[in-house]
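Colleague: Chains as they are written, first to last, in our numbering: chain A, 7 to 130; chain B, 24 to 168; chain C, 25 to 156.
Take the hints with a grain of salt, since some may be wrong.
[Unchecked claim] When the alpha-carbon atoms are kept at most 16 Å apart in a straight line, the in silico EDC-like pairs for lysine to aspartate or glutamate are as follows:
| no. | chain 1 | residue 1 | chain 2 | residue 2 |
| --- | --- | --- | --- | --- |
| 1 | C | K42 | C | E135 |
| 2 | A | K96 | A | D79 |
| 3 | C | K42 | C | E74 |
| 4 | C | K69 | C | E135 |
| 5 | A | K47 | C | E74 |
| 6 | C | K69 | C | D46 |
| 7 | C | K150 | A | D88 |
| 8 | A | K21 | A | D79 |
| 9 | C | K150 | A | D67 |
| 10 | A | K21 | A | D67 |
| 11 | A | K47 | A | E78 |
| 12 | A | K96 | C | E135 |
| 13 | C | K69 | C | D32 |
| 14 | A | K47 | A | E93 |
| 15 | C | K69 | C | E123 |
| 16 | C | K156 | A | D54 |
| 17 | C | K145 | A | E109 |
| 18 | A | K21 | A | E78 |
| 19 | C | K150 | A | E78 |
| 20 | C | K156 | A | D25 |
| 21 | A | K47 | A | D88 |
| 22 | C | K42 | C | D126 |
| 23 | C | K145 | C | D32 |
| 24 | C | K42 | C | D106 |
[Unchecked claim] Label pairs and their in silico Cβ distance ranges:
| no. | chain 1 | residue 1 | chain 2 | residue 2 | range |
| --- | --- | --- | --- | --- | --- |
| 25 | B | Q161 | A | E113 | 37 to 43 Å |
| 26 | C | Q146 | A | I94 | 47 to 53 Å |
| 27 | A | P44 | C | Q146 | 50 to 56 Å |
[To be verified] Some chain B residues judged to face chain C by a derived CB distance under 10 Å, without partners named:
| no. | residue |
| --- | --- |
| 28 | M124 |
| 29 | G127 |
| 30 | N131 |
| 31 | L132 |
| 32 | H133 |
| 33 | Q134 |
| 34 | T135 |
| 35 | V136 |
| 36 | I137 |
| 37 | M139 |
| 38 | Q140 |
| 39 | E141 |
| 40 | N143 |
It is worth saying that the hints were derived from the structure and are not from the lab.
Since we're looking at a predicted model, the values are computed, not measured.
Don't be surprised by glycine CBs; every beta carbon is placed ideally from N, CA and C.
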Amino acid sequence: MIQGLFSNTSYAASKQMLDVTQLRHDALASNLANVETPGYKRIDLPADFNQDFASHLRSGDVSGVQIPSLTEDTSATSQRLDGNNVEIDKELLQMGSNTTQYETLSEFVSNSIKQLKVAISGQG
Amino acid sequence: MSLLGSISSINPLGGLNKTSDMASALQEGVGAMIPGGLGKTQELAGLTQAGALDGVSTGALAGAGSVQGSDSSSAFVNFLDNAVQEVNGKMNAADVQEAKMMTGDSSNLHQTVISMQEANIALSLMVNVRNKLVESYQELMRMQV
Amino acid sequence: MDMIPGIDVTASALNAEKIRMDVVAQNIANANTTRDTDGHAYQRKMVSFESVLDATGKGVQVGRISSDTTPGETIYQPGHPDADKNGMVQMPNVHLSTEMVDLMSSSRAYEANLSVARNAKQMATKALSIGK
Numbered sequence: 007m008i009q010g011l012f013s014n015t016s017y018a019a020s021k022q023m024l025d026v027t028q029l030r031h032d033a034l035a036s037n038l039a040n041v042e043t044p045g046y047k048r049i050d051l052p053a054d055f056n057q058d059f060a061s062h063l064r065s066g067d068v069s070g071v072q073i074p075s076l077t078e079d080t081s082a083t084s085q086r087l088d089g090n091n092v093e094i095d096k097e098l099l100q101m102g103s104n105t106t107q108y109e110t111l112s113e114f115v116s117n118s119i120k121q122l123k124v125a126i127s128g129q130g
Numbered sequence: 024m025s026l027l028g029s030i031s032s033i034n035p036l037g038g039l040n041k042t043s044d045m046a047s048a049l050q051e052g053v054g055a056m057i058p059g060g061l062g063k064t065q066e067l068a069g070l071t072q073a074g075a076l077d078g079v080s081t082g083a084l085a086g087a088g089s090v091q092g093s094d095s096s097s098a099f100v101n102f103l104d105n106a107v108q109e110v111n112g113k114m115n116a117a118d119v120q121e122a123k124m125m126t127g128d129s130s131n132l133h134q135t136v137i138s139m140q141e142a143n144i145a146l147s148l149m150v151n152v153r154n155k156l157v158e159s160y161q162e163l164m165r166m167q168v
Numbered sequence: 025m026d027m028i029p030g031i032d033v034t035a036s037a038l039n040a041e042k043i044r045m046d047v048v049a050q051n052i053a054n055a056n057t058t059r060d061t062d063g064h065a066y067q068r069k070m071v072s073f074e075s076v077l078d079a080t081g082k083g084v085q086v087g088r089i090s091s092d093t094t095p096g097e098t099i100y101q102p103g104h105p106d107a108d109k110n111g112m113v114q115m116p117n118v119h120l121s122t123e124m125v126d127l128m129s130s131s132r133a134y135e136a137n138l139s140v141a142r143n144a145k146q147m148a149t150k151a152l153s154i155g156k
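Turn these sequences into a full structure, and let the hints steer you where they fit.
Modeller: Set out below in structure tokens:
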């Protein structure tokens, strides 16, 4: 009975995406921290993760999704003289949108929880 | 009757230990209610009307004198038992997350908050179910035989 | 560990950039120091960064502060107290243009990391208000 309350696909998916978004924040933070380190290559989530997650979501079962680990971004090619390929402005913009994504997901989860509370207590 | 006594003695604010008390008290209480209540056929009719026992047929319950007398009644007891175990599980999970946060083990702030909220909701649901059960029982007892 | 996501990595970056700015400031301050504590002209200091692998990601630390050994200019000033027998004075190898560029990129990296810290705190605040 209790588990059924929380088994909504979108709710479960949002909880997982929160984990993933936080992981991506760690990657972007690491990139920006090392913007002046010679030879540093930027890291990010694996490129196919988004598609993988989207197909899980479409099929309605997100329990099989594994939190990925951060890998070197092979598509980032432009590098400076010292071998560092971090583009500071791009990272900052991505960080901004990542933060917004985290806040939106939080809002969605929060909303679902509040709805459950209203439903159970019968009071709005 | 022991049901009323055992249900009202459950204190939902007691936390982890009390939910397992709740489980055993509910189990005992509902088990006690069924043979006692089912002894009277008129009360049977009242029971199905009040909806306290879902899907119970009057014929099957007539004259039943023991807890094992009806599959549906023990199914209901199991149902409640499972529900309380789930609530207990959720509250334990929330405590584990908090402990991890205190020892510096966890960097997952949103997971901790979500576990806490889910435990609250589960508990709240359980308490409301309990309240409704008590209400139904009291309604039942008020009926003229 | 991190209550606020990624904060250890960001803190290490802020620290490293601050050290670099301090070194630049020291270089600029000593742009005309013809006699250092070792008796020779001041040699500009350089900071080398290196990544350090943390549990959450790659932080950064100052690997070494080393001296730049390229010789500076020598100018002809016979009356100078540090002039050698030919009247030549060894000047420090500090060039203001280089130092200013270093300062600007260090400052920009510092501000970027401050922005990361702000974002992280925003995320944590939002997470705490789930369900309320």
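Colleague: Does each hint hold? Answer for all of them.
Modeller: Hint by hint, here is what the structure shows:
no.: 1; hint: C/K42 to C/E135; result: holds, 11 Å
no.: 2; hint: A/K96 to A/D79; result: holds, 14 Å
no.: 3; hint: C/K42 to C/E74; result: holds, 15 Å
no.: 4; hint: C/K69 to C/E135; result: violated, 23 Å
no.: 5; hint: A/K47 to C/E74; result: holds, 12 Å
no.: 6; hint: C/K69 to C/D46; result: holds, 10 Å
no.: 7; hint: C/K150 to A/D88; result: violated, 38 Å
no.: 8; hint: A/K21 to A/D79; result: violated, 25 Å
no.: 9; hint: C/K150 to A/D67; result: violated, 27 Å
no.: 10; hint: A/K21 to A/D67; result: holds, 13 Å
no.: 11; hint: A/K47 to A/E78; result: holds, 7 Å
no.: 12; hint: A/K96 to C/E135; result: holds, 15 Å
no.: 13; hint: C/K69 to C/D32; result: violated, 27 Å
no.: 14; hint: A/K47 to A/E93; result: holds, 10 Å
no.: 15; hint: C/K69 to C/E123; result: holds, 10 Å
no.: 16; hint: C/K156 to A/D54; result: violated, 35 Å
no.: 17; hint: C/K145 to A/E109; result: holds, 11 Å
no.: 18; hint: A/K21 to A/E78; result: violated, 25 Å
no.: 19; hint: C/K150 to A/E78; result: violated, 29 Å
no.: 20; hint: C/K156 to A/D25; result: violated, 20 Å
no.: 21; hint: A/K47 to A/D88; result: holds, 11 Å
no.: 22; hint: C/K42 to C/D126; result: holds, 12 Å
no.: 23; hint: C/K145 to C/D32; result: holds, 13 Å
no.: 24; hint: C/K42 to C/D106; result: violated, 33 Å
no.: 25; hint: B/Q161 to A/E113: 37 to 43 Å; result: holds, 41 Å
no.: 26; hint: C/Q146 to A/I94: 47 to 53 Å; result: violated, 20 Å
no.: 27; hint: A/P44 to C/Q146: 50 to 56 Å; result: violated, 31 Å
no.: 28; hint: M124; result: holds, 8 Å
no.: 29; hint: G127; result: holds, 5 Å
no.: 30; hint: N131; result: holds, 9 Å
no.: 31; hint: L132; result: holds, 5 Å
no.: 32; hint: H133; result: holds, 4 Å
no.: 33; hint: Q134; result: holds, 9 Å
no.: 34; hint: T135; result: holds, 9 Å
no.: 35; hint: V136; result: holds, 5 Å
no.: 36; hint: I137; result: holds, 6 Å
no.: 37; hint: M139; result: holds, 8 Å
no.: 38; hint: Q140; result: holds, 4 Å
no.: 39; hint: E141; result: holds, 9 Å
no.: 40; hint: N143; result: holds, 8 Å
The structure fails to meet hints 4, 7, 8, 9, 13, 16, 18, 19, 20, 24, 26 and 27 from the earlier list, while all remaining hints are met.
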